[in-house]
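A.B. asks: Let's have the full structure, built from the sequences with the hints guiding it.
Protein chains: 2
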Amino acid sequence: VTTIAARPDAIRRHNLAVMLSQLHRDGALTRAQLTQRLGVSRSTIGALVADLIQLGLVEEAVPSGGAGVGRPSHVVAPRDDGPFVLAVDVDVTHLTIAAVGIGGTVRRREVLPNVPPTPTPRAIAERTVEALDRMRLEGMPGSALAGVGVSVPGTVDRHSGRVGVAPNLGWRDEAFGSLLADLLPTGVPIAVGNDADLAVLAEHRRGSARDCEDVVFLMGRIGVGAGILVGGQPLRGRDGHAGEIGHNVVDVSGPPCHCGKNGCTETYIGDGALLERAGRHLPPTEEAVAALFADARTGDDAALRAVRAVAEPLGRAIANLVNTLNPERVILGGSLSGLLDLARPEIEGSLEHYALEAQSRTTQLRQPELGGDSALLGAAEVAFADLLDDPLAAAALPA
Amino acid sequence: VTTIAARPDAIRRHNLAVMLSQLHRDGALTRAQLTQRLGVSRSTIGALVADLIQLGLVEEAVPSGGAGVGRPSHVVAPRDDGPFVLAVDVDVTHLTIAAVGIGGTVRRREVLPNVPPTPTPRAIAERTVEALDRMRLEGMPGSALAGVGVSVPGTVDRHSGRVGVAPNLGWRDEAFGSLLADLLPTGVPIAVGNDADLAVLAEHRRGSARDCEDVVFLMGRIGVGAGILVGGQPLRGRDGHAGEIGHNVVDVSGPPCHCGKNGCTETYIGDGALLERAGRHLPPTEEAVAALFADARTGDDAALRAVRAVAEPLGRAIANLVNTLNPERVILGGSLSGLLDLARPEIEGSLEHYALEAQSRTTQLRQPELGGDSALLGAAEVAFADLLDDPLAAAALPA
Chain A
584 VTTIAARPDA IRRHNLAVML SQLHRDGALT RAQLTQRLGV SRSTIGALVA DLIQLGLVEE
644 AVPSGGAGVG RPSHVVAPRD DGPFVLAVDV DVTHLTIAAV GIGGTVRRRE VLPNVPPTPT
704 PRAIAERTVE ALDRMRLEGM PGSALAGVGV SVPGTVDRHS GRVGVAPNLG WRDEAFGSLL
764 ADLLPTGVPI AVGNDADLAV LAEHRRGSAR DCEDVVFLMG RIGVGAGILV GGQPLRGRDG
824 HAGEIGHNVV DVSGPPCHCG KNGCTETYIG DGALLERAGR HLPPTEEAVA ALFADARTGD
884 DAALRAVRAV AEPLGRAIAN LVNTLNPERV ILGGSLSGLL DLARPEIEGS LEHYALEAQS
944 RTTQLRQPEL GGDSALLGAA EVAFADLLDD PLAAAALPA
Chain B
584 VTTIAARPDA IRRHNLAVML SQLHRDGALT RAQLTQRLGV SRSTIGALVA DLIQLGLVEE
644 AVPSGGAGVG RPSHVVAPRD DGPFVLAVDV DVTHLTIAAV GIGGTVRRRE VLPNVPPTPT
704 PRAIAERTVE ALDRMRLEGM PGSALAGVGV SVPGTVDRHS GRVGVAPNLG WRDEAFGSLL
764 ADLLPTGVPI AVGNDADLAV LAEHRRGSAR DCEDVVFLMG RIGVGAGILV GGQPLRGRDG
824 HAGEIGHNVV DVSGPPCHCG KNGCTETYIG DGALLERAGR HLPPTEEAVA ALFADARTGD
884 DAALRAVRAV AEPLGRAIAN LVNTLNPERV ILGGSLSGLL DLARPEIEGS LEHYALEAQS
944 RTTQLRQPEL GGDSALLGAA EVAFADLLDD PLAAAALPA
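Quick mapping for you: the protein sequence lines, in order, are chains A and B.
Numbers given in the working numbering equal positions in the first sequence, counted from 1, plus 583.
Numbers given in the working numbering equal positions in the second sequence, counted from 1, plus 583.
Take these hints with a grain of salt, some might be off.
When chains are identical, the list treats them as one kind, so a pair holds in a single copy or across two.
As the list claims (entries may be wrong) - List time: in silico SDA-like cross-link candidates among lysine to any residue, alpha-carbon distance up to 20 Å:
| no. | residue 1 | residue 2 |
| --- | --- | --- |
| 1 | 844 | 755 |
| 2 | 844 | 750 |
| 3 | 844 | 753 |
| 4 | 844 | 931 |
| 5 | 844 | 859 |
| 6 | 844 | 794 |
| 7 | 844 | 748 |
| 8 | 844 | 644 |
| 9 | 844 | 936 |
| 10 | 844 | 943 |
| 11 | 844 | 932 |
| 12 | 844 | 764 |
Simulated from the structure, these hints should not be mistaken for laboratory data.
C.D. replies: The following block contains the structure:
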């Protein structure tokens, strides 16, 4: 049995971290709410708010008017021009780069098409830094960069942070984080993660899994992968590669996959499969899929048939995850979100057929509340980790 | 920031729990080892050991002789006639009942064939209590019953403790724990769990996953299921049904399964499939499978071909788990253990083919160190939970 006597500066650091994390999660809180959540005195709250103001992280406003009795509580909120992180979502066909503030607000965003066939890690790193420079020139000159988070459609080693395999990008064992670090000011924290892993994190913090501890985010773009939370914690596995279900073989005599096997999940529910089923022999871009969904909504027969044809193997893929993990909720992201919108009954019917009875009854299928931004905002979350752990570090951020 | 001032009796209770848990895990420890592990003074250790002796849980011996300098440290060990738990492994064809002491030693064991076609929950409960009575008559009259743990080949609801579906037993929504409680003295803790979930627990405590935090136990008997640990913690899922992979469909055009679907994992790697592939149209008992393995070992062609034919879909089922969970180790239990013994190269070849490259490289396939007793000993572990949490409860156990 050990007694830990916390020193005053450690307590202050801890309380500042808790306060900033609460403000980051909820955007704006009154002093009264902060007092209740932190469980400390009003004068301590005042001192902590003063610290965060001094650090340039938050600002305080006194609400005017109000019909209530007594003095209205001050509202504390992240500063619009405070530190930000750069969130980067590397997809096969395009690159999304956003400046995200404390509270998760997107301040600037650029979407850049990638140059075919696939972008190199160096090209992505350079374009990211160029976008950062443009954002600074165009209106965020005073803000400090608190971190960079990158989402990639591939495996990321949890120990080294290297991208292992991102098959649809053609990347293999790339130290993308180091590449980026070489182009950025020294000391900026950089985190690289798998797109579905980051997406489930963001949906858990701010989206359709806010109230849910056992959840799977099934991301379907050109490739397919899952991000998994178990009891609110990320399921990473030994090396950080958990959730790589895109090449789970669901039929040994199925169509050939680019990986060399036959009947991979991806060949049934990836963007390419969807377009092929509609007779559209096009590169599987986000635009091509959006056009197919638009046509399906207006009653185009071939488009509708394709959507319904993919619903069956999608329900089966979800069923396999549900049998294995028994989540409360499965969030369908990327193109799968559009499929859920257009063919929910077919997907639920297939899930019901293929999942164990009890599981299929209790599992909810949802679209991401963050739309197409789940992975991007998840990248912002991991980029903010250092600052949220120790807000006093804001004093030393590169401007 | 809160300061918790532990009261002396709470500290004593806590220290007794830690000491008994250490003795339970390792079987016997010297006072010197206990002093080091608990991080308290030698006199406190002396008082705690005296408490556990007084409670009838442990005994102490002074080693005789020894060539070392100084007084040899006393050895503290669980009493051979101390409290025990009843561990019950309900399999489709037979029922195993064991009295297990602190430290995990099996003191008595009965294996009873089940009456075909399948045993009812009431029959299993009655036979369990009859076996307990026989064990008491035949030599454990003084020992107190500290708990009962039951392993079933089916889903168990984590909230209600009811057996949801045990398809191969024909059980459905059975309150087996309550049935058993009605036949036992009041107050005996009863825990019911899924066989693979209990097996992975026991292998993690005392078997081939002792040093491993991300592990899957794939149990193959008539049915197939997985017990999963993530970061050392059980992956249960929302309702406790995680790991139910036996009816994951791996080929929609595969053979029909008793569940009404086609191409379930169980129809490829369950005991029935193995016997059928060898042309043995027998009920899938443990004995029939053992006979097939014995024949394969002596070079019987049909038996060897069957073993190798099952190796391919087994490697594929493991690959799907490996891609999804990225475990460090996969333990193959039940009949799958015999398959690994006879066809490791074929299973590993199939795993390598179907798993993502990095995963297949780092995943180790193992046999259970506890042999066929993994689920049984896991049931003993959960039965001991209450006593290990509070050894002072031993004073109130029904004799």
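A.B. asks: Indicate which option fits the pair residue 844, residue 755 if close means a Cα-Cα distance not exceeding 20 Å: within, between, both or neither.
C.D. replies: within (19 Å within a copy, 39 Å between copies)
A.B. asks: At most 20 Å between CA atoms: does that hold for residue 844 and residue 748 within a copy, between copies, both, or neither?
C.D. replies: within (16 Å within a copy, 35 Å between copies)
A.B. asks: With 20 Å as the alpha-carbon cut-off, assign the pair residue 844 and residue 750 to within, between, both or neither.
C.D. replies: within (14 Å within a copy, 33 Å between copies)
A.B. asks: As a check of your reading, is residue 844 near residue 859 (CA-CA no more than 20 Å) within one copy, between copies, both or neither?
C.D. replies: Within one copy only: 19 Å inside a chain, 27 Å across chains, cut-off 20 Å.
A.B. asks: Given a CA cutoff of 20 Å, do residue 844 and residue 764 count as a within-copy pair, a between-copy pair, both, or neither?
C.D. replies: neither (36 Å within a copy, 52 Å between copies)
A.B. asks: Can you tell me if residue 844 and residue 794 fall within 20 Å by alpha carbon in one copy, between copies, both or neither?
C.D. replies: Close neither inside one copy (39 Å) nor across copies (34 Å); limit 20 Å.
A.B. asks: Between copies, within a copy, both or neither: which fits residue 844 and residue 753 at Cα up to 20 Å?
C.D. replies: within (17 Å within a copy, 38 Å between copies)
A.B. asks: Classify it for me, residue 844 with residue 932: is the Cα-Cα distance of at most 20 Å met within a copy, between copies, both or neither?
C.D. replies: between (28 Å within a copy, 14 Å between copies)
A.B. asks: Have a look at residue 844 and residue 936 and pick one of within, between, both or neither, based on CA distance no larger than 20 Å.
C.D. replies: between (26 Å within a copy, 8 Å between copies)
A.B. asks: Should residue 844 paired with residue 644 be assigned to within, between, both, or neither, using CA atoms and 20 Å as the limit?
C.D. replies: neither (60 Å within a copy, 62 Å between copies)
A.B. asks: Please sort residue 844 with residue 943 into within, between, both or neither, judging by C-alpha distance up to 20 Å.
C.D. replies: Between copies, since 15 Å is at most 20 Å while 29 Å is not.
A.B. asks: Give the relationship of residue 844 and residue 931 under a CA distance limit of 20 Å: within one copy only, between copies only, both, or neither.
C.D. replies: For residue 844 and residue 931, the Cα distance is within 20 Å only across copies (16 Å; inside one copy 28 Å).
In this structure, the hints that do not hold are numbers 6, 8, 12, in rising order.
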